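Add chain B to chain A, keeping to what the hints say.
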Amino acid sequence: MNTNSYFLKEADFDSFVEGLMKTAAVYAPVAKKNWFVFAPISSPKEVRLDHDLTILPPKKVIFPVRQDLVAFTPEGATSSIKPEPRILFGVHFYDLKAIDMLDLLFRENNVDWNYLAQRENTTIVGSNIQKVSRRAFWASVGKGVKPHAHDAFLTKLPTGYVFEVVTPKGEKLLACGQFKAATEAQVSEARRINEEILNNCPEKLSHSSAEIADKVRAAFKSKLWDELSLTCFSCGTCNIVCPTCYCFDVQDNWNLDQVSGQRGRAWDGCLLEDFAKVSLGAGACENFREHRGQRYRHRLMRKAAYLNEKLGGPACVGCGRCSSQCVPDIADPVRIIETIMEN
Amino acid sequence: MSPQTQSASATYSNVFVPRPAEIVRAHQVTEMEKHFTLKMKDGQPMVFEPGQMLEVSVFGFGEIPIGYASSPTRTQTFDIVVRKVGRVSGAITALERGQTLYVRGPLGHGFPMDKLRGQDILIVAGGIGLCPTRSLILYILDRRSEFKKFTLFFGVKTPKEQLFLEDLAEWRKSAAVEYYETVDRADESWKGNVGVITTLFKKVAVNPNTRVIVCGPPVMYKFVIAELDSIGVSRSHIYLDLERRMKCGIGKCGHCQMNDKYVCLDGPVFCFKDIEKLEEAFR
Numbered sequence: 001m002n003t004n005s006y007f008l009k010e011a012d013f014d015s016f017v018e019g020l021m022k023t024a025a026v027y028a029p030v031a032k033k034n035w036f037v038f039a040p041i042s043s044p045k046e047v048r049l050d051h052d053l054t055i056l057p058p059k060k061v062i063f064p065v066r067q068d069l070v071a072f073t074p075e076g077a078t079s080s081i082k083p084e085p086r087i088l089f090g091v092h093f094y095d096l097k098a099i100d101m102l103d104l105l106f107r108e109n110n111v112d113w114n115y116l117a118q119r120e121n122t123t124i125v126g127s128n129i130q131k132v133s134r135r136a137f138w139a140s141v142g143k144g145v146k147p148h149a150h151d152a153f154l155t156k157l158p159t160g161y162v163f164e165v166v167t168p169k170g171e172k173l174l175a176c177g178q179f180k181a182a183t184e185a186q187v188s189e190a191r192r193i194n195e196e197i198l199n200n201c202p203e204k205l206s207h208s209s210a211e212i213a214d215k216v217r218a219a220f221k222s223k224l225w226d227e228l229s230l231t232c233f234s235c236g237t238c239n240i241v242c243p244t245c246y247c248f249d250v251q252d253n254w255n256l257d258q259v260s261g262q263r264g265r266a267w268d269g270c271l272l273e274d275f276a277k278v279s280l281g282a283g284a285c286e287n288f289r290e291h292r293g294q295r296y297r298h299r300l301m302r303k304a305a306y307l308n309e310k311l312g313g314p315a316c317v318g319c320g321r322c323s324s325q326c327v328p329d330i331a332d333p334v335r336i337i338e339t340i341m342e343n
Numbered sequence: 001m002s003p004q005t006q007s008a009s010a011t012y013s014n015v016f017v018p019r020p021a022e023i024v025r026a027h028q029v030t031e032m033e034k035h036f037t038l039k040m041k042d043g044q045p046m047v048f049e050p051g052q053m054l055e056v057s058v059f060g061f062g063e064i065p066i067g068y069a070s071s072p073t074r075t076q077t078f079d080i081v082v083r084k085v086g087r088v089s090g091a092i093t094a095l096e097r098g099q100t101l102y103v104r105g106p107l108g109h110g111f112p113m114d115k116l117r118g119q120d121i122l123i124v125a126g127g128i129g130l131c132p133t134r135s136l137i138l139y140i141l142d143r144r145s146e147f148k149k150f151t152l153f154f155g156v157k158t159p160k161e162q163l164f165l166e167d168l169a170e171w172r173k174s175a176a177v178e179y180y181e182t183v184d185r186a187d188e189s190w191k192g193n194v195g196v197i198t199t200l201f202k203k204v205a206v207n208p209n210t211r212v213i214v215c216g217p218p219v220m221y222k223f224v225i226a227e228l229d230s231i232g233v234s235r236s237h238i239y240l241d242l243e244r245r246m247k248c249g250i251g252k253c254g255h256c257q258m259n260d261k262y263v264c265l266d267g268p269v270f271c272f273k274d275i276e277k278l279e280e281a282f283r
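Keeping their order, the protein sequence lines are chains A and B.
Under the working numbering, the residues of the first sequence are numbered 1 to 343, in order.
Under the working numbering, the residues of the second sequence are numbered 1 to 283, in order.
This is chain A alone, in the form it adopts within the complex (with noise of 0.2 Å):
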């Protein structure tokens, strides 16, 4: 018997989500068109467990897309850092090794409380993949980094759900619902689950998270990046859509008072062409990744070599979002590091 498992039986579950809405803003995957996108939920029924893959990673709901940073009036600036207490729930296990990586990143040295005190304020429930989307590749990027920002996870089995308890935070969720101490086999059965997902990558890559990283690195002046990038059209998408993405610009926005405003932030991409441009006055400027040949390698080498070491793996978890989502289909990262692993 594992004492942090229990069960919720298929009819017990519209009620548990119903009790997590009384306690906070639940954000869950939710139909959208023929996608799927995290969104806050105003029913249970909402909820799709089902989900393949969301259009944007749940980052969205503690590091949003605008963020106010500070409110300032002509006497001065104040924080606008104003949590809330939100349940982000039914992440698969690539999106929460994501969400590891952005508060290790958002933590270290200069703590940013802006991204911080909304995380603190969020409890996580993770959920296993039911389908696989087209382009997934996490069961062979970064295998021995293991997701710890859950406080529960939920294994769905024919008759109910498996809820594993993780922190206290996830305990507190026991008192949302009806649930039973899980029976050994109900917990063999979601492990088994869990594990056996992972042979069904339509995508994989062959190499270990090491080789990648040195074999990148040291092809850093090849001709590859140029070539693949030819179609490139600078869109950015290929960062928006990535979860371990958290690059951003910083703008004022002025009130309609014309005196008062907001200094905010919003997220931002280093495949845009004027990510790394400085001007140096009198119209001349210096563009630090003027090819997007360069912007193009930047994006990998931060995926899949630079932070290797302060992760403890790739910057990378194999959603394969941004695989799915660029229009001349040149941003799969198991294409590139394939082909670069080839040369």
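Any given hint might turn out to be false.
Just a few of them, taken from the derived set where beta-carbon distance is under 10 Å, the chain B residues facing chain A [to be verified]:
1) Glu33
2) Thr37
3) Phe61
4) Glu63
5) Ala94
6) Glu96
7) Arg97
8) Gly98
9) Thr100
10) Arg245
11) Ile250
12) Tyr262
13) Glu279
Over the 12 Å line for every Cβ pair with chain A, so calculated as not near, a few chain B residues [claimed, not checked]:
14) Glu49
15) Thr75
16) Ile128
17) Asn207
18) Thr210
19) Pro218
20) Asp266
Read the hints as simulated data drawn from the structure, not as lab findings.
Predicted, not measured: the structure shown is a model, and the values here were computed from it.
For each residue, glycine too, the CB sits at the ideal point set by N, CA and C.
Relative to chain A, chain B alone:
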């Protein structure tokens, strides 16, 4: 929302909240550059190392990274020089004495003072590269006995782009610094050296054991480094003050990355030895 969470919002420190600084002196130095002397409104001294920087802002316009242009040995006020090139710098340079700027800093890593003390020093400054290096120049002049031979090279495109004219006049006469200057293109008023900054290396014998600080436009570094290599200056004795798009100043936003380094966090001053293999460090 629980009451506990609501009250917690006030307890989270926010690295993006800037502090007000009063402009106690504003001086238009050239057509494009304005020199400000600032005093923190909270009365606290600004404690920094030469070479560090700060984010300077005008509300409604935004923030830009600027190096300190004064020495930390002068504690009551500090200086910045802003070149008018865009929206934010335009808003800053429109301000005058008595008005308020908002600042966040000090940020980043400055010149390694412990490695410079007791050594021969050469500073090579191009254009507004003189602004952040002025912090170190004034520091050395204020504590002259802590350093050995002190040489300064300053180059600009044309004579009217020279900054800190009072300082330059003093340094030309001073025995405390061996000062050499040049312009790329002379006008009728100019009597001095004409040529790019590397032509100044012909004017003086640089001891190979000198510690060298280089700050200027991106194109300048590789030519200066080639000169230093030919003299035999160790790459671990060369320090470069680099410019990038430092948007957040705290090593998060990503704009100033060169390879795996954040210029705002790991720099803006780097030992050349540490970055010579970074492909993105040099043009």
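We went through each hint and held it up to the structure:
no. : hint   : verdict
1   : Glu33  : 9 Å, holds
2   : Thr37  : 21 Å, violated
3   : Phe61  : 6 Å, holds
4   : Glu63  : 6 Å, holds
5   : Ala94  : 15 Å, violated
6   : Glu96  : 16 Å, violated
7   : Arg97  : 18 Å, violated
8   : Gly98  : 14 Å, violated
9   : Thr100 : 9 Å, holds
10  : Arg245 : 5 Å, holds
11  : Ile250 : 4 Å, holds
12  : Tyr262 : 9 Å, holds
13  : Glu279 : 5 Å, holds
14  : Glu49  : 17 Å, holds
15  : Thr75  : 23 Å, holds
16  : Ile128 : 8 Å, violated
17  : Asn207 : 33 Å, holds
18  : Thr210 : 28 Å, holds
19  : Pro218 : 5 Å, violated
20  : Asp266 : 10 Å, violated
Consistency with the previously given hints fails for numbers 2, 5, 6, 7, 8, 16, 19, 20, ordered from lowest to highest.
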